[in-house]
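Respectively, the protein sequence lines represent chains A and B.
Quick note on numbering: my numbering labels position 8 of the first sequence as 8, and the sequence is numbered without any gaps.
Quick note on numbering: my numbering labels position 72 of the second sequence as 72, and the sequence is numbered without any gaps.
These aren't lab readings, by the way, just hints derived from the structure by calculation.
As the structure is a computational prediction, the values presented were derived from the model and not from experiment.
Mixed in with the good hints, there may be bad ones.
Here are some chain B residues pointing at chain A (derived, C-beta under 8 Å) [unchecked claim]:
| # | residue |
| --- | --- |
| 1 | V9 |
| 2 | A52 |
| 3 | S57 |
| 4 | L65 |
| 5 | L76 |
Note that CB positions come from ideal geometry on N, CA and C, so glycine has one too.
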Amino acid sequence: MDDAELLESLLGGDESAFSELVRRYHPTLLKVARYYVGSAASAEDVAQDTWIAVLKGVERFQGRSSFKTWLLRICANRARTSGVKEHRSIPVDPNESGPTVSAHRFDQGGFWSEPPVPFTDAVETRLDNSALVDAVRHAIDTLGEPQQAVVTLRDVEGLSTQEVATLLGLSEANVRVILHRGRARVREIVEEAMKGSKI
Amino acid sequence: MKLLPSPLVCRDAVELVSDYLDGTLSRRDRRRLEKHLAQCDACTAYLDQVRATIAASGAVNHEDLPSDVVEGLVNLFRQYRSDN
Chain A
1 MDDAELLESL LGGDESAFSE LVRRYHPTLL KVARYYVGSA ASAEDVAQDT WIAVLKGVER
61 FQGRSSFKTW LLRICANRAR TSGVKEHRSI PVDPNESGPT VSAHRFDQGG FWSEPPVPFT
121 DAVETRLDNS ALVDAVRHAI DTLGEPQQAV VTLRDVEGLS TQEVATLLGL SEANVRVILH
181 RGRARVREIV EEAMKGSKI
Chain B
1 MKLLPSPLVC RDAVELVSDY LDGTLSRRDR RRLEKHLAQC DACTAYLDQV RATIAASGAV
61 NHEDLPSDVV EGLVNLFRQY RSDN
């Protein structure tokens, strides 16, 4: 069932529709919340409050945006307010400049001395490659902020750069830079994990 | 006279890959990168890795949410329904 169908069922009081939406989006709510607040416990509180706000507001939801966007906006607004109360500032990428691929991989002229190899030779089966998906999920979970929130919203949830920028209070240019660094880091972690074994 | 863009080395090419895949590179940088990729198997493999990483990110789902977390939120739902 897609989100719109689940929402329709939720309006009719269907508990299983609610639990499906929770399964689908709660982890992302936690990540958005964690970007703004200081602890995992605070993030849990924000995510829980978000679901209560959804239950209270679902009848007024007009469908002008997607359910996902609406849900994430509620969460971001609440998390931002909690973050301000905690006197927490928006995380800044500590490695915002500098190369994304380790300098030792290149020779003095800037060409690869230790070139990358494709993760898999079978391009057409890549999307079914659960080992790669697991490795990527694990790599994203180890990213620091703001990379984790940006990569999750842009590449896992498929939001536009503009939507990510709005949710996280960043400029689009900043989102692009953080995304570039986050993707490069995920690639690096996966490459390290996969060394010696084609997946 | 039109200036020819300077050729890229691999160390600089990898920094353009994310924007290239998102279609947000300037036309000039896109041409420089494509020219480089046409001659460089290693950077093509790098591009391939990043593309595979993004595709795999889109396939990540969250089926592993602990059942007690789901149960806790469903209880919240029941509570809300009984109060309203």
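Consistency of the hints with the structure:
no. : hint : in the structure
1   : V9   : holds, 3 Å
2   : A52  : holds, 5 Å
3   : S57  : holds, 4 Å
4   : L65  : holds, 5 Å
5   : L76  : holds, 6 Å
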